[in-house]
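Use these hints to put chain B onto chain A, whose structure you have.
In the order they appear, the protein sequences are chains A and B.
With the numbering used here, the residue at position 90 of the first sequence is 257, and numbering never jumps.
With the numbering used here, the residue at position 51 of the second sequence is 218, and numbering never jumps.
It should be emphasised that the hints constitute simulated quantities derived from the structure, not laboratory data.
Model, not experiment: these values are computed from the prediction.
Be aware that a few hints might be false.
It does not matter which identical chain is meant; a pair holds if it fits inside one copy or across any two.
As the list claims (entries may be wrong) - With a straight-line Cα cutoff of 20 angstroms, these simulated EDC-like cross-link-like pairs (lysine to aspartate or glutamate) come out:
id	residue 1	residue 2
1	426	286
2	426	290
3	507	528
Number of protein chains: 2
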Amino acid sequence: MRGFTGRTLVDDALRWVDEHSKSLPGETIAFDVAHGRILAADVSSPINVPSFDRSAMDGYAVRGIETEGASDYNPLSFPIVGESMPGQPFPDTMPPGSAVRIMTGAPVPTGADAVIPAEYATETGATVEITSTVSPGKHVGRRGEDVSAGSQLFAAGRRLRPQDVGLLASVGVTAVEAVRRPRVRLLITGNELVVPGNERGEFQIYESNSSVLAALVHRDGAELESLMRVEDDREAISQAMCKAGADVVLVSGGSSVGKEDHAPSILAAEGDLAIHGIAMRPSSPTGMGAIQQTLVFLLPGNPVSCLCAYDFFAGRAIRRLGGRSAVWPYPQRQVEVGRKVVSAVGRVDYCRVKLNEGRAEPLALSGASILSSTTRADGFVVIPAESEGHAPGTVVTVYFYDPA
Amino acid sequence: MRGFTGRTLVDDALRWVDEHSKSLPGETIAFDVAHGRILAADVSSPINVPSFDRSAMDGYAVRGIETEGASDYNPLSFPIVGESMPGQPFPDTMPPGSAVRIMTGAPVPTGADAVIPAEYATETGATVEITSTVSPGKHVGRRGEDVSAGSQLFAAGRRLRPQDVGLLASVGVTAVEAVRRPRVRLLITGNELVVPGNERGEFQIYESNSSVLAALVHRDGAELESLMRVEDDREAISQAMCKAGADVVLVSGGSSVGKEDHAPSILAAEGDLAIHGIAMRPSSPTGMGAIQQTLVFLLPGNPVSCLCAYDFFAGRAIRRLGGRSAVWPYPQRQVEVGRKVVSAVGRVDYCRVKLNEGRAEPLALSGASILSSTTRADGFVVIPAESEGHAPGTVVTVYFYDPA
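Pulled out of the complex, with its shape left as it was, chain A reads as follows (with noise of 0.2 angstroms):
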């Protein structure tokens, strides 16, 4: 049993992680589960939209020059030669010096130019009494004025919200290249776990890594390729690592230097351990490296530790392969100091803390093995390497773990 021979600062793993993480090539998915997901190429409007000039109001297609002069005290009568609906135009050109009746959304006639509101007219048998002027293009959508044919719509990269789904929709693009989403496999090692569920010995304990990583892998836009749980045994986690199909591999514990921990050596053996042991607490005994095409994350067994080390650096490779941005989804604020926060200079300590008051107060118990101070905690402080902490009153970002 050995400790680190030395750390590797979080900000040298982090540009690790930036380096050996680019977005995944682009697939081809429909338009209607497209919500959420991160665009690989640019998309332009094959039409126009609206694709003809339409009404903006319930009312009178006219003429908007013949309007002139209509008011309350002259109200102006034109006959009323059709009507226009929605999906069912007026059929032929309107004839000057008459009205058609037109909804929201219906083609304005040939010969019309202008839609003067319902609430400014009065019909009367096939007639209408209008009493008010408007001007030619008055209450008119012209054709392509929401898109115009060739236009683009959105570029690369851009996560698709809600109604970029309807702007596909409204356009009839019923295709997009998206980013691919990363395939991460959850790689659990530990002969003293049991899975929820089954029946536990005495000195054994249920395995929650695997639930909290996947809940995140989800969040973080990528599918799970596999959980695999095995034996702390070398060929068995080797076979597992090594096997294709994964675009990450996270592995749960046996990450330190301990000589039950064969994660590292056999990342070392298969691949490249590019760091092992960061400076940072908790999830010092932390590991990441590749092999061939896949990044492989060895997380701490530690359920604190893993959550951190997941969120430091495998979720970050994880968003980036998949096209997201790299910060954290976690909404964060700037919030006062209640209790000193207490870190060592030399290492990046991951606080979680409690708003008391509106203050933060750092959780009184918080080791690495200790879960719930992750549940009871409203969120977290990060305190950079340098330095010693922060007293009360001062003024720190505190990441939420709850979302917005």
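Structure of chain B alone, referenced to chain A:
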């Protein structure tokens, strides 16, 4: 054709929504699909975590009192009588004057009460020499220190985080009561509409509201019960609106007061049309009510109005039914106005804005039919009914469309 005789204030409509949307009853779900779900009942732990005193370090279990005086200048030797590994404890009581090799997470042997970390120990043959003193209890995680048996883990109403699911796993809770997800029916009307991918006539338009609404419904934690497309036909709309099986029916199109606007009179005839016409822009022709226990929202067909009416009213109801917070799931930030935001006193305005050099500017082209205004915008500003708008330099709350 006539206008609304009166319009309900937005605040009154919100009050109606809140009065008619209480959390749905709970259902039993498996812990491993519980991420993001809302607890319908408190959850307590059936066990202690850890369920035994465990080592917090790799090192040697000792009696703390026996290490008194140990230092670099006065190393103390202990015979190693065995080892304790996670899941494989030292089977006997540790004799006085001895040590047991121990790994992080392994049970502390009976007799031992502290752990000397490996960096203060040198193993030679069957003996370990230690160069530091440890007080009793040091580096030992006490039984129940993370979670004590019988204690409450989460209260009803909790939205489960990734780590919450982990905590459930770690105490062996494999099922929880979660608020049932609202079942939402989309009912799309409009004879002029064509489903994207199908052939479109010159005056037809591609239907896009269902795409936006489906994504929003999913975002807000609900299930799509069904997507029904019906002709502008009273009987067909009525049947689709009244069919059992949905908690919420969202009707898109035909929500106003024109002669083709069937939905309001159907809702009034089959249930209760509580509100019709709202003092806001866009989305003024919005209606809402109920048929027995089912909430029905009549959303305007214009795409921006549809989105806005969903976000103000239907989405709020859906989130509340699902046990979520009523507040918008949009990140918000205080931003200075860069160009005048115009509104009319007496109505609430939903104004799409774009940031330009950090200042919010309203989009030039932003009618209710211009869906691209919601894709070009960074977010929106809500101007209250009593305001005429915001002058440049005013600081306002911008709600951002993109997640944090």
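Here is how each hint holds up against the structure:
Taking the closest pair of Cα atoms, residue 426 and residue 286 come within 20 angstroms of each other only across two copies (15 angstroms); inside a single copy the shortest separation is 84 angstroms, beyond that limit. Taking the closest pair of Cα atoms, residue 426 and residue 290 come within 20 angstroms of each other only across two copies (14 angstroms); inside a single copy the shortest separation is 91 angstroms, beyond that limit. Only within a single protomer do residue 507 and residue 528 lie at most 20 angstroms apart by alpha-carbon distance; the minimum there is 7 angstroms, versus 42 angstroms between protomers.
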